[in-house]
Structure formats: C-alpha cells, structure tokens
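Fit chain A to the supplied structure of chain G, relying on the hints for placement.
Here the protein sequences come in this chain order: G and A. Going letter by letter, the first sequence gives residues 1 to 602 in the UniProt record's numbering. Going letter by letter, the second sequence gives residues 1 to 602 in the UniProt record's numbering.
Keep in mind that the hints are not guaranteed to be accurate.
Any copy, or any two copies together, can satisfy a pair, since identical chains are not distinguished.
As the list claims (entries may be wrong) - Calculated pairs, SDA-like style, for lysine to any residue (alpha carbon to alpha carbon, straight line, at most 20 Å): (1) Lys-424 / Phe-66; (2) Lys-51 / Ser-197; (3) Lys-145 / Asn-380; (4) Lys-143 / Thr-186; (5) Lys-145 / Asn-236; (6) Lys-62 / Ser-197; (7) Lys-145 / Pro-523; (8) Lys-323 / Tyr-441; (9) Lys-36 / Ala-296.
For the record, the hints were derived by calculation from the structure and aren't laboratory data. Owing to the predicted nature of the structure, the values given are computational and were not obtained by experimental measurement.
Protein chains: 2
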Amino acid sequence: MAQLIADRRDIDFVLFEQMKADELAKTDKFAEFNKKTIDLIVNEARNLAIKEILPTNADGDKGCVFENNKVTVPESFHRPYELLCEGEWVAMQEDPEVGGQGMPAMVAQAAGEYFVGANCAFMMYPGLSHGAGHLVEVFGTDKQKELYLKNMYTGKWGGTMLLTEPEAGSDVGALTTTAKPNGDGTYSISGTKIFISGGEHDLTENIIHPVLARIEGAPAGTAGISLFAVPKIWVNDDGSLGEDNDVVCDRIEEKMGIHGSCTCVLTLGGKGKCKGTLLGEENKGMRAMFQMMNEARLGVGLQGFSMASCAYMYALDYTRQRKQGKNLLEFANPDAQSVTIINHPDVRRMLMTMKAYIDGMRSFLYFVGNCFDKHKTAGNEEEAEKYMNLIEVLIPVIKAYCTDRAFDVCSLAVQSYGGYGYTKEYPVEQLLRDTKITCIYEGTNGIQAMDLLGRKLGMKGGKPFMELMGVMMQTVAEAKEAGLEDLAAKVEAAVNGAGEIAMLMGKTAMSEKVLTAFAHACPFQDVLGDTIMGWMHLWRATIATNKVEKAKSKDKPFYEGLIKTANFYINSFLPITEGKRNSIKAMESAAVDMTEDAFAGK
Amino acid sequence: MAQLIADRRDIDFVLFEQMKADELAKTDKFAEFNKKTIDLIVNEARNLAIKEILPTNADGDKGCVFENNKVTVPESFHRPYELLCEGEWVAMQEDPEVGGQGMPAMVAQAAGEYFVGANCAFMMYPGLSHGAGHLVEVFGTDKQKELYLKNMYTGKWGGTMLLTEPEAGSDVGALTTTAKPNGDGTYSISGTKIFISGGEHDLTENIIHPVLARIEGAPAGTAGISLFAVPKIWVNDDGSLGEDNDVVCDRIEEKMGIHGSCTCVLTLGGKGKCKGTLLGEENKGMRAMFQMMNEARLGVGLQGFSMASCAYMYALDYTRQRKQGKNLLEFANPDAQSVTIINHPDVRRMLMTMKAYIDGMRSFLYFVGNCFDKHKTAGNEEEAEKYMNLIEVLIPVIKAYCTDRAFDVCSLAVQSYGGYGYTKEYPVEQLLRDTKITCIYEGTNGIQAMDLLGRKLGMKGGKPFMELMGVMMQTVAEAKEAGLEDLAAKVEAAVNGAGEIAMLMGKTAMSEKVLTAFAHACPFQDVLGDTIMGWMHLWRATIATNKVEKAKSKDKPFYEGLIKTANFYINSFLPITEGKRNSIKAMESAAVDMTEDAFAGK
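In isolation and in its complexed conformation, chain G is listed as follows:
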C-alpha cells in the first residue's frame, strides 16, 4: 500500500502556483524562505511523517493507558516525538529567538498536512505544547517567558488548554474553577476540568497548563474569567523543577477515535496545593482565548482536512489496485476480465468528489494561512486590516466546513474500499473515527455558524464579508480573461447568490425572526463554504488553463485533472448550492416553532 499522506504535486501547486509562496521571500520577515528552502522543509516534513510518524498511527489507535493517576502514551510515540523536537518542528511559525523556526504559516501548513495526516492524535501533543507556549509568549511576563517558553516551543515540556468543565462546555462563561491570591504573586487554583487533551502523559517531564479560572469576587460570566499558567510540576525561580503542583488526572475518556491522544479529567488543588501565576490581565482570560482562537480554529480545519487528504490518497491507491468486476462497457462479454475498481463510474464519482473537496480545501486553508502571512508582512495598516478582515470572516467557515467535508470524504473513502474499508486491516475506518472530533472540539460547527452569523457577518458594517466577495470576484474576472467564461459565470452566480443570502440572513437575524435566522446559520455557513470551493476551483482551473499547453509531459495530466475537477465541482455541485440557497430563502420556521412535546409522541 502506498503511504503518501498527501498529494505533493498539489501542495506545490497551491504553494507556488496559486498562492505564490516564494513572493513572501521578498519581505524582510520571510527573506530566508525562497522556493528552494520551502522545498527542503516540505521534503523533510514529508520524510519524517512517512517514515517515523505514519507507522505509529495504528498503534496509537490502541490508546493510552491510565493507571494510578498517570497516563502512558503508546510506546511508539516516543521516538517521533523526540525527532519532532530535534527537528524544531514544534513551533514552526514562531520567532527563532524564542525557539521557533520563523516559517510562513503556509509553509507550516504544508508540513503540518503531512504530520497530522500521518497521525493526528500524536500531533496533538506537540500542537498543544505550541499553542500553550503561544499564550505564554503573547500574554506572559518576562519571568514567565524565561521559565516556560523555550521549553514549550522546543517540545521539552508539554502544554494544554484547560477551559471546559462539566457544566461549562460551549458556555465557557459558566465555569467555576477558582483562583485565590496568595499574596506572593501566585494564586491557589481549585476546580475540575474535563476534556483536557494531553492533560497528563509521559512524553515530557513537565506540562504547563493554561487554566481559565475565576478570581474570588470576580464578576459572573465571561467578564470575570482570568487566565493562569499552572505547571504540572512547579518551576522554581531558577528554572529547576520543584514540587508536584497538585494537578491530578482522575481518569481519561474512552472515545470514538484519536485514542492516541489522551483526554483527561483533571482536578486542580484537590489537596489545596495547586498554584498558578496570572497570564495576562485579571478578568481578561476570555479576551486572551479569543486572540488565540483564529489560529486554533484554522489548525482544527487543517486537522480534518489532513486526515481526509490521507484518506483520499489511500482510497485512490486502493481503487487503482483492487480488481473486481468487469468494465461496465463489457458487461455482456463473458470473457471480459476483472478490472481495477477505479474503472467503475460510481467509484470515479466517489474519487472525484473526494478530490474536489481535498483540492478545494487545500487551496482554502493555504489561502487563509497566506492571509496570516500577509497580515504579518503588510506594508501598511490598511493592507494589514484587509487580511485580518478576511481571516475573521473565513475562520468559522474554514473550521466548520473543512471538518464537515473531511468527515464526508473519510466516509467516502471507507465506502470506496467496500467491506474492507470497515475493517481495521485498512486505515480508512480509523481516519473516519478520528476525523469526527474535529467537527466538535474548538467550538462545535454549530458554534462556528453562530460566530459567522452573529459576529463576523455584520462586523465593521459588513466590510470583511464584502472584501471576501471582492476577492472572489477578482478570480472570476481572471478566469474570464483566461477563456473560462462558462465556469466563471457559474461561480459568479454562486458568489452573487451567497451575497444575497448573506443580506437576507443578516436582516432576518436582526428582526423578530432571529431564532429562525439562527436555525439557518449552519446551512448559511455551508453555502458560503460551497461557494468558496467553487471560487478555489475556478482559480485553480484558470492557472491550469494558462499553463497546460506548455506544460512538461509529466505535468499535463495534473493540470488537465485540475480543469476537469473544476468542471466537476462547478457543474455538479454548485447547482446543489443553489438549491441550498433556495432552501434558506424559504426561511422555514418550523424547527423553532415546534413545541418540545411535538418532537416525539407520548
């Protein structure tokens, strides 16, 4: 079985031909990252992923072991974790002076696509070290940075994020964990946190837990939440490890998937000995969370996508090798031989559907990654704002749409294997199970839709949304110039249709029909995602059309494939998007009008 994880040619296409990653090298910040360097980075990431990480995925599926309040990760995880740390892959995008590699986001995404596609559960550990480290970098005092940061960015120590409590999930504001000032700058922390990925494990000697808690006397709700840095083992002022800090893992969850990533219930201060230091300002914990949210949600979108991309590559490989049944055109010929199942039209439909989503999502993800890069390197505030606007409006869509479609793609991958796909002998059923969590955590996809409709759509008087429309229309214009009038007109109609629906949604959300509007928030998010896929395919086809004639022979089928995939998506899927728009236009209120009793008989 080929172990490819991702389509390297397409990654290069998106990086260099679509997003022009090498142009970033013209900026001071990314001067080192010319095409050659980027190639080298992606090569190294791919090799590490294929040789060292991918082989641990099935082993990881057997799960972590919980015993005596300690968690043991799958044995096979230790070696690739060391290699990731050695290779400085934990904090790819952060500044070298604090332990990072200073890469553009897009390049980190290319590497991440390989790593996460190889073993998503495993990559949670370094991912969380990095994420928690980022909180320390942005909100920490010099002392906190001195004590924690480098150890986190280099993966020497782990990290987590302690938000959720049994009665405070989507509603973080309901949390009850308390922090009591000790008078020496530390706080005594007390509470129970659940669903803590990497909350306790044996990969690292220490773990730094960013913890959301309420300082005694703070206001109720989100306005009274502060963020604390709580080490598993106390870190003395000289950086040496001190006493156990009374953060106790009570159990780990048994889950549907990502078994290699332990999900912990943690009790803080059960013995009254848990201490932390304030990270950022008092009562500004939620604000800190929000600042990290965009990158975290982009990361979850990438997780779902990367697993789906891996599932597609497996399905493609399998359907190219598995022989079963005759070619449909020879159905009546008794002497016809069995053919590989990629020859069957319905298998084609499944593969093409997977490819259409994978290609479209890759472009979408790298586009947003590129917005981060361009935001960082913008020449002026106006330009910086434009990219941040695009990020703000696209983040909920990228998190929700990519994970929903990733689940669909993995399901199609299982289906294309037939009965074998349902067995653990093949890797796709695990990818299907693992992917589902990405639709749930880091804000369920329903929460994303509320963010899109309730915050992002009307943000700054609708400017970010209009800017998105403008960027899409620019591609439409370029496609027309390249001679793709027909495809361009269809995408144009989809973009205009999405704009029209956005107006309707915004208006309805501000009317007395607000509940009905929010009952359509997910369908609206879906329509926007579909439209973005159409945009991306049009963009891809435009580039491919401009290049295919003069392309090298090995590139010709690739470009032709991009054009065909664009035709497939735009002609076969955008009509369904139009149907979804019409569904929203009907603005049916039955779901919110139902009495609770009416959902089932008595």
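Just chain A now, kept in the frame of chain G:
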C-alpha cells in the same frame, strides 16, 4: 437517560393511521392480526428490547473472542437470545406450521425496529438463522426441510450466508469455491469464504451454512454457481448431530463497529471432509440469491433506520435535559439562566433534521413492508404484480437511501451531544460506528444505484417506475383535498422533477454516455429517496391535518409536530433536491473522462 429506542406513538401512526395495518385482518392470511393483537405484539417486542436486549449493546461493543478456531460471543447475549427463541421472534413472518408466527411484514418491522435499535449486532444472529432458514424453506427438499428448517426458524440452530471470497465481493460471479459430487447425493465442498457474519459462535449447538459454490465443470461466472446447505456439524438422517463437518473459522475481523457480531473467515474442506447438499437446482444459486435479495435489502434498510431512530431518541432526550448557555433571545441579559440545549436554534435544526428523516424513513419502510403483505394477500395477479413492481423499484432506494441517511442521522446525534457524544460514556458514537456497515453490506449503496438505474428503472418498459409515480401523485391529490395545496404543489413538482430525471437517466444510460449516466446513478437514487421523503411527509401531514382539530389533547402536539415536520422537510429540503436534479441534468462527464494519472500529481 430514557431508553426508548423508538417513538411508539409514531409507530402506531404509521401502522394504523397511515398504512392501515388493521385492514390486513380482513384477509384470510392475516385474520388473526387485528389492532389489539398487533398492539400486544409491539408491546411485547418493546419490552423485550428495552429490558433484555438494549442493556447488552454496550457490552456487545467489547466484541467477540476468537480462540482455537472458536468464537465466543459476549456473555450477555445468551439470555436475550434464549428469550427471543422462546418468544418465537426468530421467524416472525413465516408460517406457523414451519415454526414462524405468520405476522404481516409491517408488524414484524415494528418489532424489528425495537430489537435492532436495541442491539443491531446481536440481532444479526437470529436474523441470519431466519434468512438461511428461508432459503431452506423456499429451495430445500422435503428432507432438508425436515432436518433443518424448524431448528433454524426457532433459533435452536444458527444460519449464515457464504457468498463472499477474497477475490469475489461485489462480483460474486468470480467465486472459486468448488463442489464435487460424492455420488451419494452429497457434495464435497472446498474453498475459503470471508466476511461471514455469525460464521462460528457459541450461541447455538449447530449452524447451517448456505454456501455458493461452483460444481466442477460448471460454466464460468454467475451462470455456474450453485447453492448448498453445509452444516457446521453434520446432521444425520434421523436428525441427530453427527461429525464435525470441517468448516473451520480461521479468524474474525477487527472492525469499526458491530463488534458483537463476529465476522468470520471460514475455510471449508481444509481437511477434505466438508460435505453439503444441493439447495435448489444446479447452477441456479444466483437466482436463489436474487429471490431472497428484496427481503434482505429491506432488512438492511431497517437496520440502518432502527439504529438512527434510536440515536434520535437519545439525542432528543439528552438535549431536553442538558443545560448549557442562555436562550439566544436573552443573550445580553447577564442574569439569564442556562437553558436546556433543545432551546438553541441550531440544536433545533439538528433535531428537526433527524426527525424529518426518521419519520420519513419509517413511513417508507413500512410502506414497502405493506407492499409485501399486500402482494401476499392480493385478490388477483394484476394487483399482486402491482405490489411486486413497487417492491422491485423501491428496494435499492430503501436499502441505500435509508442507510445513508441513517449514518447522517447518527452523525447529527453525536454532534448534538457535543464532546460527550464522542465518548463511550454515551451511546451515540457506537450507533454511528455500527450504522456505517449498513451502507456497505448486502450490496454497497453504489451497487444499489446500479441496480436501480440498470435493472429497475427500465424493467417492464418502465412500468414499475410509472406505478410509483402514480402512487405518489395520489397522495398529492389527497393532500390538495385536505387543504394542503401549497405543500402538495411542492411535492408534485418534486415528483414530476424526479420523473423527468428518470427519463434523462434512462436515455443517457442507453446512449454512448453510459458511463457518465452510471456516474450519476447514486445522485439519481438520492433524488428519488428525497422525493419519497417528501411524499411521505405530505401523506403524514394530510392525515394529521384531517385529525388534529378533533384530536385528544395528548395527541394534538403529535399531529402538530407531523405538520410542522412536513413543512420543514418540504420547504427546507426539497429545494435542495431540486438543486440535485439540476446537478444531474448538467450530466457532467469529468469524473469518467479523467485519466487515472490525473487523480493525483506525480
């Protein structure tokens, strides 16, 4: 947590108000099955399912044990299996004289909905005893029936179906298992069969394996396949058990779900000692399979649906109890209390989507069950043919559409639980894993679509399909009479649209664009399923509208719920179906035109 499995009020609605099950009692065959008797049967099935079967589902998920070629099922399965046998639930629909209960199919479906929803993996064992028994009943000699039948229909012995081989899955005709006449009426059987549910287990003292094999010298392909009855332990002429019959279980599959149902690799005749007797005529094995196929596929549709129905009931119960977040209308009120999550519009959308599919699928399944009943009790051949025509055209749709939507419903159920849904602490993730197999086995859903387009659509010059259109239009007319002109007009447009697409599909399948047509077979199947859902909701709403005003107070919300659900489905989902029709009309050929190379870069 409420353990309801299914909405009993809705089952009664479909049985008595929509399908008029009690009218069957006017026929000789079903004279005993008046409303009171049916009530009693469904009550008993529900009690048994809730009290004895449902509690074994999570235990079953831990899986079967394979050791020394023997399979041990989960210990908890033994008691409910005995109770099922004692209660004569194994062969509900078969004649009492051969060990059955002679129930109408629809009533057996109501009971089955509870049993399968409670534990699908467990129900595979009695289900397979019944299915294999049915082959013996229909194709067996008097002697075979004397030796096997009653023991199978009473569940004393198990049954299986040995079709698949490593190189013969969807393409059964490629099988290589051989049968060599021994001259004494028996055949020596030799070969390896895979994916055999219940192929070896400790629930019963014997197992009868119907085996597809090729008699030496038989033609290649499906024309040379015969069916044999091969006992696990030889059955002597006097009915006593003889020697072990050399059917050896080599291993069981590790799967994504239905862990309680063992999936075996069986080697027949590895020691040269496996014997069987011909079941039916030489080389007519495939024909025998086809005769059983309709009921088997209806059964798989019911499996998917039943698990989804159970998932919906769980999700409804959970969202009614779980408090999280404020009511959206009080978002700005700092003193607002948390509400149960069923109050959130997006949760409403999920529940309503689940309910719309569950209600629609229940009506669809019972309608087809009722066609079987009416076919059996038809007064004349013409009437009998009409019902068989409906069965033929609807079977692929019911198998594929119901299982695809069941998977979607289970996924929504997980989503509506949030993070908890992903844990094994709650039952929905298991239902999601278990349900996926129903999209694959008994002919993948892609195979169903080929059956629909390639065989059923053009069957008898298109008469069965036209009859289906006619039946749906009758409901449209009745709805208009009941004052539901608006909803009726929308369903009418969907039915006409489906008819138009059917014409296009049929025409294209007979043109040089045959491959492109078959690449749209699944979308076509999906459109037909959507249309049927619309039909069923219109039918339901018509009945509810006629009754709601004079209904008892406890029934009012139920009927109002049906009307609202019909509005939801018809207004929110049928526009998307229109989009799917437009997608098919575009008849994009990119998927089949792609070169293999173009699916990924080099």
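Going through the hints against the structure:
| no. | hint | in the structure |
| --- | --- | --- |
| 1 | Lys-424 / Phe-66 | between (23 Å within a copy, 16 Å between copies) |
| 2 | Lys-51 / Ser-197 | neither (25 Å within a copy, 36 Å between copies) |
| 3 | Lys-145 / Asn-380 | neither (29 Å within a copy, 87 Å between copies) |
| 4 | Lys-143 / Thr-186 | within (13 Å within a copy, 86 Å between copies) |
| 5 | Lys-145 / Asn-236 | within (13 Å within a copy, 82 Å between copies) |
| 6 | Lys-62 / Ser-197 | within (16 Å within a copy, 24 Å between copies) |
| 7 | Lys-145 / Pro-523 | neither (43 Å within a copy, 56 Å between copies) |
| 8 | Lys-323 / Tyr-441 | between (39 Å within a copy, 18 Å between copies) |
| 9 | Lys-36 / Ala-296 | neither (29 Å within a copy, 59 Å between copies) |
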